[in-house]
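A.B. asks: Sequence lines, in order, name chains A and B.
Numbering-wise, the working numbering puts 79 at position 79 of the first sequence, and it's gapless, one number per residue.
Numbering-wise, the working numbering puts 21 at position 21 of the second sequence, and it's gapless, one number per residue.
For the record, the hints were derived by calculation from the structure and aren't laboratory data.
A couple of the hints might just be wrong.
[As the list claims (entries may be wrong)] Which chain B residues face chain A? A few, computed with CB under 10 Å, are given here:
hint : residue
1    : A8
2    : L36
3    : A119
4    : N125
5    : N127
6    : N233
[Claimed, not checked] Below 25 Å or equal to it, Euclidean Cα-Cα: the simulated PhoX-like pairs (lysine-lysine) are:
hint : chain 1 : residue 1 : chain 2 : residue 2
7    : A       : K88       : B       : K107
8    : B       : K3        : A       : K228
9    : B       : K107      : B       : K122
Computed from a prediction, not measured in an experiment: that's the story for all the values here.
Glycine included, C-beta positions come from ideal geometry on N, C-alpha and C.
Protein chains: 2
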Amino acid sequence: MKKHNFSAGPSILNPEVIKKASEAVLNINNSGLSLLEISHRSADFVAIMDEAQNLVKELLNVPEGYSVLFLQGGASTQFLAVPQNLMKVDGEAAYVDTGAWSAKALKEAKLFGDVEIIASSKDKNHNYIPKGYTIPSDTSYLHLTSNNTIFGTQIKEFPSTDIPVVCDMSSDIFSRQFDLSQFDLIYAGAQKNLGPAGTVLVIVKDSILGKTGRNIPSMLDYQIHASKDSMFNTPPVFAIYTSLLTLRWLKGLGGISVIEKMNEEKAALLYNEIDANPHFNGVAAKEDRSLMNVTFTLTDESEKETFDILAKEAGLSGINGHRSVGGYRASIYNAMPISSVQALVDIMKKLNK
Amino acid sequence: MKKHNFSAGPSILNPEVIKKASEAVLNINNSGLSLLEISHRSADFVAIMDEAQNLVKELLNVPEGYSVLFLQGGASTQFLAVPQNLMKVDGEAAYVDTGAWSAKALKEAKLFGDVEIIASSKDKNHNYIPKGYTIPSDTSYLHLTSNNTIFGTQIKEFPSTDIPVVCDMSSDIFSRQFDLSQFDLIYAGAQKNLGPAGTVLVIVKDSILGKTGRNIPSMLDYQIHASKDSMFNTPPVFAIYTSLLTLRWLKGLGGISVIEKMNEEKAALLYNEIDANPHFNGVAAKEDRSLMNVTFTLTDESEKETFDILAKEAGLSGINGHRSVGGYRASIYNAMPISSVQALVDIMKKLNK
Chain A
1 MKKHNFSAGP SILNPEVIKK ASEAVLNINN SGLSLLEISH RSADFVAIMD
51 EAQNLVKELL NVPEGYSVLF LQGGASTQFL AVPQNLMKVD GEAAYVDTGA
101 WSAKALKEAK LFGDVEIIAS SKDKNHNYIP KGYTIPSDTS YLHLTSNNTI
151 FGTQIKEFPS TDIPVVCDMS SDIFSRQFDL SQFDLIYAGA QKNLGPAGTV
201 LVIVKDSILG KTGRNIPSML DYQIHASKDS MFNTPPVFAI YTSLLTLRWL
251 KGLGGISVIE KMNEEKAALL YNEIDANPHF NGVAAKEDRS LMNVTFTLTD
301 ESEKETFDIL AKEAGLSGIN GHRSVGGYRA SIYNAMPISS VQALVDIMKK
351 LNK
Chain B
1 MKKHNFSAGP SILNPEVIKK ASEAVLNINN SGLSLLEISH RSADFVAIMD
51 EAQNLVKELL NVPEGYSVLF LQGGASTQFL AVPQNLMKVD GEAAYVDTGA
101 WSAKALKEAK LFGDVEIIAS SKDKNHNYIP KGYTIPSDTS YLHLTSNNTI
151 FGTQIKEFPS TDIPVVCDMS SDIFSRQFDL SQFDLIYAGA QKNLGPAGTV
201 LVIVKDSILG KTGRNIPSML DYQIHASKDS MFNTPPVFAI YTSLLTLRWL
251 KGLGGISVIE KMNEEKAALL YNEIDANPHF NGVAAKEDRS LMNVTFTLTD
301 ESEKETFDIL AKEAGLSGIN GHRSVGGYRA SIYNAMPISS VQALVDIMKK
351 LNK
């Protein structure tokens, strides 16, 4: 039976990416060696790292003066690397709290200085994106979370400011066009739109670094990683190669403008059903709805068993909502085909018969 | 042509491990889903993590009261996690400097307190293991590096002390029997004897944690990782699964006592040739020779081109020595068959004809 994998992350990858990753584990570049057993200093892997960095720059229109890094430790390690690298000693930073991941990010930052939460959607269980807040001009940086997987909200318009802007784009990078030059630091765990769990992409404007007066541990120091071309220590070879395969696939499709259109169509198909079908209700405020994670609940909770059986019969997995929201969550990342979204819509319609 | 991969790391893995890892990328446990796209909270992955932790405990005879963690960031991140978790505020620690990796470890520790280098082999470019040094009784911990990949030395007898003993075993864990209860914290990057680059194994005695008075960032806090059963954040799923395949292979062989004997035979074959063949000289002091990384030089450097051609013709790769030592380095980790060591010995004999 065809499986439809709506997992929030680690999540679906393109079938060609999976096939080629599997082949490389057996034999990389017809070398007779497995991708897993080659030195990260080998010509084969240096070329992989170079191409991955260059494709990130090409797909996202990264201007000169930014470094592209593939690190370890997930976005969770960036929660502490960001203040280490950007917050002045005894300094402060501004955070927008749009949900669980923002809260984790600002919790780590508090170890390094004062954190001002300049806006929060906590009052409505994070079902919307705060807007119209004032950004202080005398703080080290502004931290945003572009997409909130748990609540199904997404920032549609990024605020404009003169202070450095940092954004956790773990769950929507490469899904839509945006002006990268408006950001000073972007980080994104790979395991949604890029690759398997095990690497985190960091794109950082070099000129904002080295200004805090802190002694930064080497593994958390962006300047050290950038100076070693993201090979200060042994990089996560397999996760980076698989990410490269995804980047090649995206380029082959036609780039971000093409996948953005596909993502809009997929999300519209599902949100239209949620709005039209009286058995379901959307969780997020309409203007803030995520194109990546679609959250919804049953109007009548007693229909849960019926709907769950329909989902199972149709081969749908990973649609249970996060415990802090309840209901359902369909993660429809880049690699999700519209046919899988249609399979979900089809069973939603069955409940309406 | 058969390849003989002597890479120092990432390095050779058992062919069955590679084959099964490749298959799991296509389809894990006959689920119809790739290992790369399943949730780390899924039953499939929770079982993988459990089995991997339990096999580590079984193979190394880990006593009660220790946590087994699979983290990210390599041994390089442990260089800072160790002092964060174990060094008292304004405290100190004792380090034995046996080479480049020890030096990196103690450099990071200096950010957190006073580091006393109680013994060093720097005077002879680290070609031996210091012995007979005095271990202070009033310091937070003793830090050792059990095997030095670059120089080809290995600690044969670990010092006895009442203070906590921390050991970087990245390049020889699972290669020989040792009494784990003599250690309080062991860490090991996977990419030599365990799996692909992308995860680091940490075995820590729970009772030594939480005593420093420091505010530790969550991702560096062993207590947090242990309390979440090594799933505080998304773990590196693929690297852990492939490590599990290696652990299963080791258990199937008969455990550490069996692989230890095989490693002794492989190393003896190569060292015997180095000692018998006047064209070659061993780098490390005989009593400190590593069973994992065998370093040697040519007696007459003008034979380098000839020997390198012989190596290439025989399908040998990764035998160049580290630039700080020169000559050659044959890494003969657990997964290296004795037939590959024989292939190296065969070309060494050719130079002696």
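A.B. asks: Please go over all the hints and tell whether each is borne out by the structure.
C.D. replies: Going through the hints against the structure:
1. A8: holds (7 Å)
2. L36: Status holds, d = 4 Å.
3. A119: Hint on A119 (chain B): violated, closest Cβ of chain A at ~24 Å, above 10 Å.
4. N125: violated (21 Å)
5. N127: violated (23 Å)
6. N233: holds (4 Å)
7. A:K88 with B:K107: Since the Cα atoms of K88 (chain A) and K107 (chain B) sit roughly 23 Å apart, the hinted pair holds (cutoff 25 Å).
8. B:K3 with A:K228: The hint is violated at about 30 Å.
9. B:K107 with B:K122: holds (15 Å)
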